[in-house]
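Chemist: The residues making up each chain are set out below.
Number of protein chains: 2
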Amino acid sequence: MAEIKYYWEDFTPGEVAQFGAYQVTREEIIEFASEYDPQPMHLDEEAAKKTFIGGLCSSGWHTCAMAMRMMCDHYLLQSAGMGAPGLDDSKWRAPVRPGDILSLNRECLERRASKSRPEMGLTRFRHTMTNQHGEVKMIIEGSMMFARRTPGAEA
Amino acid sequence: MAEIKYYWEDFTPGEVAQFGAYQVTREEIIEFASEYDPQPMHLDEEAAKKTFIGGLCSSGWHTCAMAMRMMCDHYLLQSAGMGAPGLDDSKWRAPVRPGDILSLNRECLERRASKSRPEMGLTRFRHTMTNQHGEVKMIIEGSMMFARRTPGAEA
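Protein chains in written order, with the numbering used here: chain A, -9 to 145; chain B, -9 to 145.
The reader is advised that the hints may include incorrect statements.
Partial list, computed: chain A residues near chain B (C-beta under 7 Å) [unchecked claim]:
#1 F9
#2 G10
#3 Y26
#4 D27
#5 K39
#6 F42
#7 A55
#8 G76
30 Å max Cα-Cα, derived DSBU-like pairs, lysine-lysine [unchecked claim]:
#9 K40(A) x K105(B)
#10 K39(A) x K105(B)
#11 K81(B) x K(-5)(A)
#12 K81(A) x K81(B)
#13 K40(B) x K105(A)
#14 K81(A) x K105(B)
#15 K39(B) x K81(B)
#16 K81(B) x K105(A)
#17 K39(B) x K(-5)(A)
#18 K(-5)(A) x K40(B)
#19 K(-5)(B) x K39(A)
#20 K(-5)(B) x K105(B)
#21 K39(B) x K105(A)
#22 K(-5)(B) x K40(A)
#23 K81(A) x K40(B)
#24 K81(B) x K40(B)
No wet-lab data here; the hints were simulated from the structure.
Each residue gets a CB set at the ideal place from its N, CA and C atoms; glycine is no exception.
Sequences are here, hints too, so could you generate the full structure?
Modeler: Structure, rendered in structure tokens:
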């Protein structure tokens, strides 16, 4: 396991980080969709052209998964992460297409110590995904749990 | 493409449907995580035992993807679906483990016609995922767009 660099204390409300890039391919879109979301707009270019979305695009869940991979590579694998309770809100703003190069902007919205678990704190993030042309593809907001460097200290 | 059975009019607020099952395997948990969420609790049983979650479990995004596959098989592939704007709320309640057999309960919460697009309506669903022992694993709420059987008619 990677060395732990980031504890709960290391994410400060207002702080912004930018990271990526993730190169989206036709093959990966189709592979994910074949397994988890076999709708025509995610499986086949010709069929996708006839749908409301006008061409092949990734499953929204695949878009989330690609975001997660960028989060892991940039900070989660080096953090004292303790999971996430869920998502507060997520918006799929524009279809993700083959050829898109995705990156993420992470904004730390707030943090709070856990009342019941002194070794843990919660941090709420907004992650905004854009492509190489600055087009916003997805915005997800939610909290993550992290171990505290100094359990139980004054927050 | 499958024949269209379900239009916007066919989902009625208050209606409940139950479907599944999805058999979760160790191999699939590791395969998904290797690609999208390579944290120790999703990759390796021994490493997972040493984490806060006490054993191998699926990535939360993988859990979402498995839910989507069940939705596709049960109704989406036979529906006049026009995508989804995002999720209002999602909660990962309990870890999904190898050996879990997952099913979904779909509750139709509300529906409304689109003001700007007479050919379309929105339907808000809550999907609750449980395993074979009735343990709740995930609850997701959000709207989906569907074509209307009778565009522009009184809703």
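Chemist: Which hints, by number, does the structure contradict?
Modeler: Of the numbered hints given earlier, those the structure breaks are 1, 2, 5, 23, listed in rising order.
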